[in-house]
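Chemist: Residue strings, one per chain:
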Amino acid sequence: MTTPGDDPLADLDDIALMARIAESDEAALRVLIDRWKNPLINFFYRSLHSYETAEDLSQVVFVRVHRAAKKYQPTAKFSTYIFHIARRLLINEYRHQQRKPLTPVDPEDLRNIKGPDSDRDVREIEEAFEQALEKIPENQKTAILLLKQQQLSYQEIATIMDASESAVKTWIFRARQFLKQELKDLV
Amino acid sequence: MDKKITTDDQIDQLLSQQITVGQNFTDAALRRVQANRSEDLDTLDEYLDLFLAKNNAPVDPQFTEKTIKRVQNAHKTIPFPWALLTKITLATAACLAFGLFWNQATFPDNPQTITTQSQAKLENSNFQDERLIALADSLGSEASWLLNEDAQTALVIALAN
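Protein chains in written order, with the working numbering: chain W, 1 to 187; chain H, 188 to 348.
For the record, the hints were derived by calculation from the structure and aren't laboratory data. Treat the hints with care, as some may be off.
Think about it this way: if two alpha-carbon atoms lie no more than 30 angstroms apart in a straight line, the pair counts; the simulated DSSO-like pairs of lysine-lysine are [claimed, not checked]: (1) Lys148/W - Lys37/W; (2) Lys184/W - Lys135/W; (3) Lys71/W - Lys253/H; (4) Lys135/W - Lys180/W; (5) Lys241/H - Lys263/H; (6) Lys263/H - Lys274/H; (7) Lys148/W - Lys241/H; (8) Lys148/W - Lys253/H; (9) Lys148/W - Lys184/W; (10) Lys184/W - Lys241/H; (11) Lys263/H - Lys70/W; (12) Lys70/W - Lys253/H; (13) Lys253/H - Lys241/H; (14) Lys241/H - Lys77/W; (15) Lys180/W - Lys274/H; (16) Lys37/W - Lys169/W; (17) Lys71/W - Lys274/H; (18) Lys241/H - Lys169/W; (19) Lys148/W - Lys180/W; (20) Lys71/W - Lys241/H; (21) Lys169/W - Lys77/W; (22) Lys148/W - Lys169/W; (23) Lys37/W - Lys256/H; (24) Lys135/W - Lys241/H; (25) Lys169/W - Lys135/W; (26) Lys37/W - Lys253/H; (27) Lys37/W - Lys241/H; (28) Lys71/W - Lys37/W; (29) Lys180/W - Lys169/W; (30) Lys77/W - Lys253/H.
Facing chain H, a subset of chain W residues (Cβ under 7 angstroms, in silico) [claimed, not checked]: (31) Asn38; (32) Asn42; (33) Leu48; (34) Gln59; (35) Phe62; (36) His66; (37) Leu179.
Facing chain H, from chain W, some residues (calculated, C-beta under 8 angstroms) [unchecked claim]: (38) Glu26; (39) Asp34; (40) Phe129.
Just so you know, these numbers come straight off a predicted model, no measurement behind them. No residue lacks a Cβ here, since even glycine has one placed at the ideal position from N, Cα and C.
Only chain W is shown next, with the shape it has when bound in the complex (with noise of 0.2 angstroms):
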């Protein structure tokens, strides 16, 4: 893994990146991979529950990414550009869900994301959060998860999910007054 004093691609902005990645410079796609493979993968891995679909759809962003190098026009933050990418594959996903049968979550999957300093009460309580967290409509999780997840602006989570600044608002208090009945007799 590189550092910023390591590589000197790596002290480049997303922005500079893309530039060189429409050069085919591969380094520079690598160096934008480790840069967001962490949230990519979190962020479907949250909305998805499975860590294989997660780390497949991250893949599938980073190939779009690639592909639309040479037309990229930096209009707005990076994150907004590759988390827009990152919703539709998302919405695609459930879409390709609801017509298959659904798999049930594998337990050792999830006890894969714990740490092991978790308590066994924090543990149950972060089970039944996943649980509240799948029942919530998908605009409303995806807009919490970019909110509070990956730190994202109002602004910008209403950018990248083609809505109103107080459309988002109003889902993420929604996923959190579900969230919050969901959970009320747990904590």
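Chain W is already provided as a structure; the job is to place chain H on it using the hints.
Modeler: For chain H alone, kept in the frame of chain W given last:
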């Protein structure tokens, strides 16, 4: 209840007691619920923030390498538009099916019907036009399949004559 309630005053008193007890209970319960709820909600907010912000899904150390390979493969292979091809095939099949249905409905298989319909049309129309008969003559029987059944009948009549 061994003691009989006989007067309106007694009933009122009992009702008023019940109301007082009920009201006290409700107020107390409400205060307790509100107190507990506000505490719970604060804790819940903290938990929600913690869980939502959690960014620790395991990332495969080989993820970057795998992704680079996938990007390179995707670059090599231009995706074939299977979806579009499927739609075109389905649309063509639907058109053919409709065409067959329409043909079957309009021109039934029964030769007797064809002959009768065609004869009737010939008698009432200008199918015996000399130009058509001349055309049929010039085409000959080998080319008769090119014509519709009215024209075929005209051709047969023309050839017979």
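Chemist: Now look at each hint and say whether the structure bears it out.
Modeler: Against the structure, the hints come out as follows:
1. Lys148/W - Lys37/W: holds (17 angstroms)
2. Lys184/W - Lys135/W: Measuring from Cα to Cα gives roughly 16 angstroms; hence the hint holds.
3. Lys71/W - Lys253/H: holds (24 angstroms)
4. Lys135/W - Lys180/W: holds (13 angstroms)
5. Lys241/H - Lys263/H: Outside the cut-off at roughly 37 angstroms; violated.
6. Lys263/H - Lys274/H: Within the cut-off at roughly 25 angstroms; holds.
7. Lys148/W - Lys241/H: Holds - the C-alpha atoms of Lys241/H and Lys148/W are around 9 angstroms apart, at most 30 angstroms.
8. Lys148/W - Lys253/H: holds (29 angstroms)
9. Lys148/W - Lys184/W: The hint holds at about 20 angstroms.
10. Lys184/W - Lys241/H: holds (20 angstroms)
11. Lys263/H - Lys70/W: holds (16 angstroms)
12. Lys70/W - Lys253/H: With a Cα-Cα distance of about 22 angstroms, the restraint between Lys70/W and Lys253/H holds, given a limit of 30 angstroms.
13. Lys253/H - Lys241/H: holds (25 angstroms)
14. Lys241/H - Lys77/W: OK: Lys241/H and Lys77/W at ~23 angstroms, within 30 angstroms.
15. Lys180/W - Lys274/H: Violated: Lys180/W and Lys274/H sit about 46 angstroms apart, past 30 angstroms.
16. Lys37/W - Lys169/W: Holds: Lys37/W and Lys169/W sit about 27 angstroms apart, inside 30 angstroms.
17. Lys71/W - Lys274/H: holds (29 angstroms)
18. Lys241/H - Lys169/W: holds (21 angstroms)
19. Lys148/W - Lys180/W: Holds - the C-alpha atoms of Lys180/W and Lys148/W are around 15 angstroms apart, at most 30 angstroms.
20. Lys71/W - Lys241/H: violated (34 angstroms)
21. Lys169/W - Lys77/W: holds (20 angstroms)
22. Lys148/W - Lys169/W: holds (13 angstroms)
23. Lys37/W - Lys256/H: Given pair Lys37/W, Lys256/H holds - Cα atoms ~15 angstroms apart, limit 30 angstroms.
24. Lys135/W - Lys241/H: holds (19 angstroms)
25. Lys169/W - Lys135/W: Holds, at roughly 19 angstroms.
26. Lys37/W - Lys253/H: holds (12 angstroms)
27. Lys37/W - Lys241/H: holds (15 angstroms)
28. Lys71/W - Lys37/W: holds (22 angstroms)
29. Lys180/W - Lys169/W: holds (16 angstroms)
30. Lys77/W - Lys253/H: Holds: Lys77/W and Lys253/H sit about 26 angstroms apart, inside 30 angstroms.
31. Asn38: holds (6 angstroms)
32. Asn42: holds (5 angstroms)
33. Leu48: violated (11 angstroms)
34. Gln59: At 5 angstroms from the nearest chain H Cβ, Gln59/W passes the 7 angstroms test, so the hint holds.
35. Phe62: With a closest approach of 5 angstroms, the Phe62/W hint holds.
36. His66: holds (5 angstroms)
37. Leu179: holds (6 angstroms)
38. Glu26: Status holds, d = 7 angstroms.
39. Asp34: Because about 6 angstroms separates Asp34/W from the closest Cβ in chain H, which is inside the 8 angstroms limit, the hint holds.
40. Phe129: At 5 angstroms from the nearest chain H Cβ, Phe129/W passes the 8 angstroms test, so the hint holds.
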